[in-house]
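Chains A and B are the protein sequences, given in the same order.
With the working numbering applied, the first sequence corresponds to residues 1 to 212, in that order.
With the working numbering applied, the second sequence corresponds to residues 1 to 110, in that order.
Be aware that one or more of the hints could be misleading.
The calculated lysine to any residue pairs, modelled on SDA-like cross-linking and capped at a C-alpha distance of 25 Å, are [unchecked claim]:
no., chain 1, residue 1, chain 2, residue 2
1, B, K94, A, Q91
2, A, K152, B, G101
3, B, K94, A, L174
Using C-beta positions, here's what the derived DEER-type ranges look like [claimed, not checked]:
no., chain 1, residue 1, chain 2, residue 2, range
4, A, V88, B, I26, 16 to 24 Å
5, A, D149, B, D80, 47 to 55 Å
6, B, A28, A, T53, 38 to 46 Å
Read the hints as simulated data drawn from the structure, not as lab findings.
Beta carbons are placed, not taken as given, at the ideal position from N, Cα and C, and that holds for glycine.
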Amino acid sequence: MEKLSNAAQLILGLGSLNSSSAGASPSALSACRQLGATFSNNATFAPRDALYTPLAHAHWSQTAWEQPTCIFLPDDVAQLQTAISLIVGHQSPFAIRSGGHLEAVGAASTDDGVLLDLSRLRRLEYHAEVQEAIVGPGLRWGDVYGYLDPFKVTVVGGRVLDVGVGGLPLGGGLSYLSDLHGMVCDNIVNYEVRNASYFGVFLAPPLLSSVS
Amino acid sequence: MTAYTLRTYPIHEAWGGTKVFAWDKISAVLDAITAYQSLPNKDPYANMNLNAAATNQTDVGVILTLVYLKPEDKPEIFSDFYKIEALMDTTGLKPLSSIMGEFPTPVVPR
């Protein structure tokens, strides 16, 4: 089959977004349509796309499987910010997935709205001089340890290699290093937080108490 | 959250692995864990993860992951566990990430 032009692929993609799925509200559908139109980097997946089902079922626990209106994978933080602005503009519900581990309904998906899959946000750096590692939410703990192993260092991270980096600290986080150094969240020296506006926010723990 | 900065620690070579026990050993395992948890000055370099699960379709038994964050063979703190007969035992001197890599991701169909 001949390779379709980008425009043709986009039009086909938009067409599939018009199909109604269970529980997809008009705001979710319009957000999904605009995501497909805005990003041409093979990032928006609707129920008719071949990759939709593997992505929707990427979670190890079937309890957490749902049917999002569409699934969007930002390539980088800038795309994520644009997507959030767009989703909020449409007042569409959305869910966020890092590794997809918590086995509860609604933990990492939604039956009505956009599923933001962060798996392409894979920033991974080690700064030996300050004994710090910077990690993106698309990584799993196995990726982090594999990267740090040659340096013979580790971090206070998850015990199960498939667990995502993004979610674990939000619930505290148990590690095999916890008796020595505390929970995963105790060992985060800086957070990079993005909201829908142009400017990001960098929060170091001493400043968190002043954030409303 | 788009990035975390994590503190690193010079921990790499360790001792530990996975012990699998048959279900008839569960009382002995729980007694050993009770004693371990009750130690007044528990060594912070020792850690473990117990999974004992059965579902309608599978019965994986009792899976105990032991971790000691220094490359010391058969640390004293786990001695109660060495006495319990195991179906499988991979414990030994190896990197911490290898010990974690032994933990299986279960397939749990509904």
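Consistency of the hints with the structure:
This hinted pair does not check out: B/K94 and A/Q91 have alpha carbons roughly 51 Å apart, beyond 25 Å. With a C-alpha separation of about 16 Å, the suggested pairing of A/K152 with B/G101 holds against the 25 Å cut-off. Proximity of B/K94 to A/L174 is assessed by CA-CA distance (about 21 Å); at most 25 Å being required, the pair is judged to hold. Remark: the range hint 16 to 24 Å for A/V88 to B/I26 is contradicted by a beta-carbon distance near 51 Å.
Between A/D149 and B/D80, the C-beta spacing of about 31 Å breaks the proposed range 47 to 55 Å. At about 45 Å, the CB distance of B/A28 to A/T53 agrees with the hint of 38 to 46 Å.
Of the hints listed earlier, those the structure fails to meet are numbers 1, 4, 5, in rising order.
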